Amino acid sequence: MRKWVAAAMVMASMALPFAAQAQDERKTPYWASISAGKAMMRTGPARTYPATWLYQRADLPIKVVEVYRQWRKIEDPEGTTGWMLVNLLSSARTAIVTGDEARPLRQGPSEDARVRFLAEPGVVGRLSDCDGGGWCRFKVGGREGYIRTEHIWGASAGETID
2 MRKWVAAAMV
12 MASMALPFAA
22 QAQDERKTPY
32 WASISAGKAM
42 MRTGPARTYP
52 ATWLYQRADL
62 PIKVVEVYRQ
72 WRKIEDPEGT
82 TGWMLVNLLS
92 SARTAIVTGD
102 EARPLRQGPS
112 EDARVRFLAE
122 PGVVGRLSDC
132 DGGGWCRFKV
142 GGREGYIRTE
152 HIWGASAGET
162 ID
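16 is the number that my numbering gives to position 15 of the sequence shown; each next residue is one higher, with no gaps.
No lab work stands behind these hints, which were simulated from the structure alone. Don't take each hint at face value.
What the hints assert, rightly or not - Mimicking DSS-like on lysine-lysine, the simulated pairs with C-alpha atoms at most 25 Å apart in a straight line are:
#1 140 to 39
#2 74 to 64
#3 74 to 28
#4 140 to 64
#5 64 to 39
#6 64 to 28
#7 39 to 74
Quantities reported herein were computed from a predicted structural model and do not represent experimental measurements.
Given these sequences and hints, build the entire structure.
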(Lines of atoms letter the chains of each structure in order from A; the text may use other names.)
(Lines give C-alpha, C1' and ligand atoms only; values in the text may rest on other atoms or scores of the structure.)
Protein backbone atom coordinates (compact mmCIF):
# COMPACT_ATOMS: atom_id res chain seq x y z
CA MET A 2 0.00 0.00 0.00
CA ARG A 3 2.86 2.38 0.86
CA LYS A 4 4.36 1.87 -2.61
CA TRP A 5 1.07 2.92 -4.25
CA VAL A 6 0.82 6.04 -2.09
CA ALA A 7 4.44 6.96 -2.83
CA ALA A 8 3.94 6.37 -6.56
CA ALA A 9 0.78 8.51 -6.53
CA MET A 10 2.63 11.34 -4.74
CA VAL A 11 5.48 11.22 -7.28
CA MET A 12 3.01 11.33 -10.20
CA ALA A 13 1.11 14.25 -8.65
CA SER A 14 4.30 16.25 -8.06
CA MET A 15 5.35 15.69 -11.68
CA ALA A 16 2.03 17.07 -12.93
CA LEU A 17 2.25 20.32 -10.93
CA PRO A 18 4.83 22.10 -13.15
CA PHE A 19 2.76 21.32 -16.25
CA ALA A 20 -0.42 22.69 -14.65
CA ALA A 21 1.38 25.87 -13.60
CA GLN A 22 2.84 26.30 -17.08
CA ALA A 23 -0.60 25.84 -18.69
CA GLN A 24 -2.03 28.55 -16.43
CA ASP A 25 0.70 31.00 -17.44
CA GLU A 26 0.12 30.58 -21.18
CA ARG A 27 -2.46 32.83 -22.80
CA LYS A 28 -3.28 33.67 -26.37
CA THR A 29 -0.94 36.38 -27.65
CA PRO A 30 -0.89 39.28 -27.85
CA TYR A 31 -2.05 40.21 -24.35
CA TRP A 32 -1.42 43.01 -21.89
CA ALA A 33 0.55 42.63 -18.66
CA SER A 34 2.90 44.74 -16.54
CA ILE A 35 6.39 44.54 -15.10
CA SER A 36 6.14 43.36 -11.48
CA ALA A 37 9.77 43.78 -10.42
CA GLY A 38 11.53 47.00 -9.47
CA LYS A 39 14.37 45.88 -11.74
CA ALA A 40 13.74 43.71 -14.80
CA MET A 41 16.16 42.84 -17.58
CA MET A 42 15.13 42.62 -21.23
CA ARG A 43 17.24 40.28 -23.35
CA THR A 44 17.73 39.64 -27.07
CA GLY A 45 16.56 36.02 -26.74
CA PRO A 46 14.69 33.66 -24.42
CA ALA A 47 17.53 32.63 -22.08
CA ARG A 48 19.87 34.24 -19.55
CA THR A 49 22.75 33.55 -21.93
CA TYR A 50 21.44 36.15 -24.41
CA PRO A 51 22.76 39.70 -24.06
CA ALA A 52 20.76 42.17 -21.99
CA THR A 53 19.45 45.13 -23.97
CA TRP A 54 17.53 47.10 -21.36
CA LEU A 55 17.15 47.33 -17.58
CA TYR A 56 13.68 48.46 -16.53
CA GLN A 57 13.54 50.11 -13.12
CA ARG A 58 9.84 50.92 -13.07
CA ALA A 59 7.44 48.39 -11.56
CA ASP A 60 3.90 48.48 -13.03
CA LEU A 61 5.10 49.63 -16.46
CA PRO A 62 2.57 48.23 -18.96
CA ILE A 63 3.84 45.82 -21.58
CA LYS A 64 2.33 43.77 -24.37
CA VAL A 65 3.25 40.09 -24.54
CA VAL A 66 3.63 39.15 -28.21
CA GLU A 67 5.20 35.68 -28.00
CA VAL A 68 5.61 32.87 -25.45
CA TYR A 69 8.53 30.45 -25.20
CA ARG A 70 8.72 28.23 -22.11
CA GLN A 71 9.28 30.55 -19.11
CA TRP A 72 10.13 33.53 -21.33
CA ARG A 73 7.88 36.18 -22.84
CA LYS A 74 8.70 38.36 -25.83
CA ILE A 75 7.36 41.76 -24.87
CA GLU A 76 6.83 45.18 -26.39
CA ASP A 77 7.19 48.25 -24.18
CA PRO A 78 5.37 51.60 -24.57
CA GLU A 79 8.20 52.92 -26.78
CA GLY A 80 7.91 49.97 -29.18
CA THR A 81 11.08 48.21 -28.02
CA THR A 82 10.82 44.42 -28.11
CA GLY A 83 12.81 41.75 -26.32
CA TRP A 84 12.56 38.78 -23.99
CA MET A 85 11.82 38.77 -20.26
CA LEU A 86 11.39 36.00 -17.69
CA VAL A 87 7.73 35.38 -16.88
CA ASN A 88 8.32 35.73 -13.13
CA LEU A 89 9.24 39.41 -13.70
CA LEU A 90 5.78 40.06 -15.14
CA SER A 91 2.34 40.45 -13.59
CA SER A 92 -1.17 40.06 -14.94
CA ALA A 93 -2.08 43.34 -13.18
CA ARG A 94 -3.44 45.74 -15.79
CA THR A 95 -1.69 49.07 -15.96
CA ALA A 96 -1.41 51.83 -18.54
CA ILE A 97 0.76 54.87 -19.26
CA VAL A 98 -0.58 58.27 -20.29
CA THR A 99 0.47 59.17 -23.84
CA GLY A 100 0.67 62.34 -25.89
CA ASP A 101 2.27 65.73 -25.37
CA GLU A 102 -0.18 67.25 -22.91
CA ALA A 103 -1.91 66.43 -19.63
CA ARG A 104 -5.02 64.27 -20.06
CA PRO A 105 -8.25 64.77 -18.09
CA LEU A 106 -9.46 62.09 -15.69
CA ARG A 107 -13.19 62.45 -15.27
CA GLN A 108 -15.75 61.61 -12.61
CA GLY A 109 -17.46 59.17 -14.98
CA PRO A 110 -16.99 57.62 -18.44
CA SER A 111 -18.27 60.61 -20.41
CA GLU A 112 -16.93 63.81 -21.96
CA ASP A 113 -19.66 65.61 -19.99
CA ALA A 114 -18.42 64.29 -16.63
CA ARG A 115 -16.55 66.66 -14.31
CA VAL A 116 -12.74 66.65 -14.61
CA ARG A 117 -11.30 65.33 -11.33
CA PHE A 118 -7.63 65.94 -12.20
CA LEU A 119 -5.12 65.95 -15.06
CA ALA A 120 -2.52 63.24 -15.64
CA GLU A 121 0.76 64.18 -17.31
CA PRO A 122 2.27 62.10 -20.14
CA GLY A 123 4.33 59.25 -18.71
CA VAL A 124 2.15 58.76 -15.62
CA VAL A 125 1.52 55.06 -14.94
CA GLY A 126 -1.65 53.86 -13.23
CA ARG A 127 -3.83 50.79 -12.68
CA LEU A 128 -6.68 50.02 -15.06
CA SER A 129 -10.14 48.67 -14.32
CA ASP A 130 -13.71 49.04 -15.53
CA CYS A 131 -12.97 49.45 -19.23
CA ASP A 132 -16.37 49.54 -20.87
CA GLY A 133 -15.44 48.69 -24.45
CA GLY A 134 -16.72 52.13 -25.47
CA GLY A 135 -13.40 53.93 -25.15
CA TRP A 136 -13.20 54.61 -21.38
CA CYS A 137 -11.26 52.99 -18.52
CA ARG A 138 -11.04 53.69 -14.81
CA PHE A 139 -7.45 54.81 -14.15
CA LYS A 140 -6.02 54.85 -10.62
CA VAL A 141 -2.83 56.75 -9.80
CA GLY A 142 -1.82 56.57 -6.15
CA GLY A 143 -4.94 57.39 -4.15
CA ARG A 144 -6.64 59.28 -6.99
CA GLU A 145 -8.75 57.84 -9.77
CA GLY A 146 -10.99 58.80 -12.63
CA TYR A 147 -12.00 57.78 -16.12
CA ILE A 148 -9.70 58.32 -19.08
CA ARG A 149 -10.18 57.82 -22.81
CA THR A 150 -8.39 54.69 -24.06
CA GLU A 151 -6.93 56.74 -26.91
CA HIS A 152 -4.96 58.72 -24.28
CA ILE A 153 -3.22 55.68 -22.78
CA TRP A 154 -1.04 52.75 -23.83
CA GLY A 155 -2.07 49.54 -22.11
CA ALA A 156 -5.59 48.78 -23.35
CA SER A 157 -6.86 47.81 -26.77
CA ALA A 158 -9.63 49.74 -28.53
CA GLY A 159 -13.00 48.17 -27.70
CA GLU A 160 -11.55 46.04 -24.88
CA THR A 161 -13.64 45.31 -21.81
CA ILE A 162 -11.97 44.92 -18.41
CA ASP A 163 -13.91 44.24 -15.22
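Quick rundown of the hints versus the structure:
no.: 1; hint: 140 to 39; in the structure: holds (22 Å)
no.: 2; hint: 74 to 64; in the structure: holds (8 Å)
no.: 3; hint: 74 to 28; in the structure: holds (13 Å)
no.: 4; hint: 140 to 64; in the structure: holds (20 Å)
no.: 5; hint: 64 to 39; in the structure: holds (18 Å)
no.: 6; hint: 64 to 28; in the structure: holds (12 Å)
no.: 7; hint: 39 to 74; in the structure: holds (17 Å)
Violated hints are absent here; each numbered hint is respected by the structure.
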